[in-house]
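Protein chains: 2
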Amino acid sequence: MARWEPDARGRMLAAALDLFAEKGYDKTTAGDIAARAGVTERTFFRHFADKREVLFAGPTALDEVVAEAIAKADEAASPLEMVFAAAREGAARIAEQRTREQAARRTRIVQANPALQERELLKMAAMRSASQKALAERGVGDPAASLAAHSGVAVFQSGFDRWVSGETDLSLPECIDEAIVALHDLT
Amino acid sequence: MARWEPDARGRMLAAALDLFAEKGYDKTTAGDIAARAGVTERTFFRHFADKREVLFAGPTALDEVVAEAIAKADEAASPLEMVFAAAREGAARIAEQRTREQAARRTRIVQANPALQERELLKMAAMRSASQKALAERGVGDPAASLAAHSGVAVFQSGFDRWVSGETDLSLPECIDEAIVALHDLT
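One line per chain: the protein sequences are W and R, in this order.
According to the UniProt record's numbering, the stretch in the first sequence is residues 1 to 187, in order.
According to the UniProt record's numbering, the stretch in the second sequence is residues 1 to 187, in order.
Chain W extracted, bound-state conformation (with noise of 0.2 Å):
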């Protein structure tokens, strides 16, 4: 590949959110994106699938960086001790990849379309999918390493979200462990 492209598809990125918000994700095509970032369609299809793939790509998959996360995780690690070091991780990966208001710009967007919700379901439940099988390679045994991956989703969820909120100034990081804080709290 050449050595413009992952410049190309940063630009493609931010177009898209622009687009998005401006003329609202129904009206914007593949070709308003790459016009938009100064590339061909070509250039587009080379990099996604669809519109909808853009708010959905990062340079590595959340199923894989949590699945990651608990196979290197200590062992002497709890099952809820790895998956949170999962969603730490998880975090760390997407502050890398996104600013705070870039990834409010994009829930605002998913939020607002029923068929982006279902696909950011689908996300969560991968992440959550990929966290049991990765907890019983490490020999967690059901329904521990179900009831363990859930917690795991839960608490990068409700983090994420604080995140977005725009009512705290704490990075996504820390907005996991304040969740971490409250998940012990409430039980």
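I should point out that these hints are in silico values taken from the structure, not numbers from a laboratory.
Just to be clear, a hint being listed does not mean it is correct.
Claimed, not checked - Which chain R residues face chain W? A few, computed with CB under 10 Å, are given here:
#1 Leu122
#2 Leu147
#3 Arg162
#4 Val164
Think of the CB as a built atom: it goes at the ideal place given N, C-alpha and C, for glycine as much as any other residue.
Once you have looked at the hints, place chain R on chain W.
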């Protein structure tokens, strides 16, 4: 509505499970289900939007059941106690509607079909979202409401999976209680 209708509905639900297992979900039509149940296609479509909805139709939607249970929960109950009571209530309703064998067959059909799995995930998401909203109406703020709602779905799903696994003779509500204990042990 005519007197025979509830019975026709039950026959269609049973016929659909039989046919999905025999012919496969994709190859079964609404007409096949109607014929097997001894009703007209028109009757089928008066009850269900399409063949998929036969698998997801219940007298009451799970999200409404849990919302009601949280609304009527004891004044002194903690957020977790409220969602656990809701999970038990949802389980009790399901156990009234389906035998374990029927639920297990339905689960096998859903697991074999990605589109049905997505629909099932959306059902669980609706249950979570309804729980979170009902908790908010009981004065529980976020992140507690969000985290508790996740925990409610976690014990429901874990208990349900156990119930249909064929590895236990416990009733569905008992499996939910087992999952609640397992979640306590985890934390």
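We went through each hint and held it up to the structure:
1. Leu122: holds, 6 Å
2. Leu147: OK, holds: Leu147 of chain R within 10 Å of chain W, min 5 Å.
3. Arg162: OK, holds: Arg162 of chain R within 10 Å of chain W, min 7 Å.
4. Val164: violated, 13 Å
In this structure, the one hint that does not hold is number 4.
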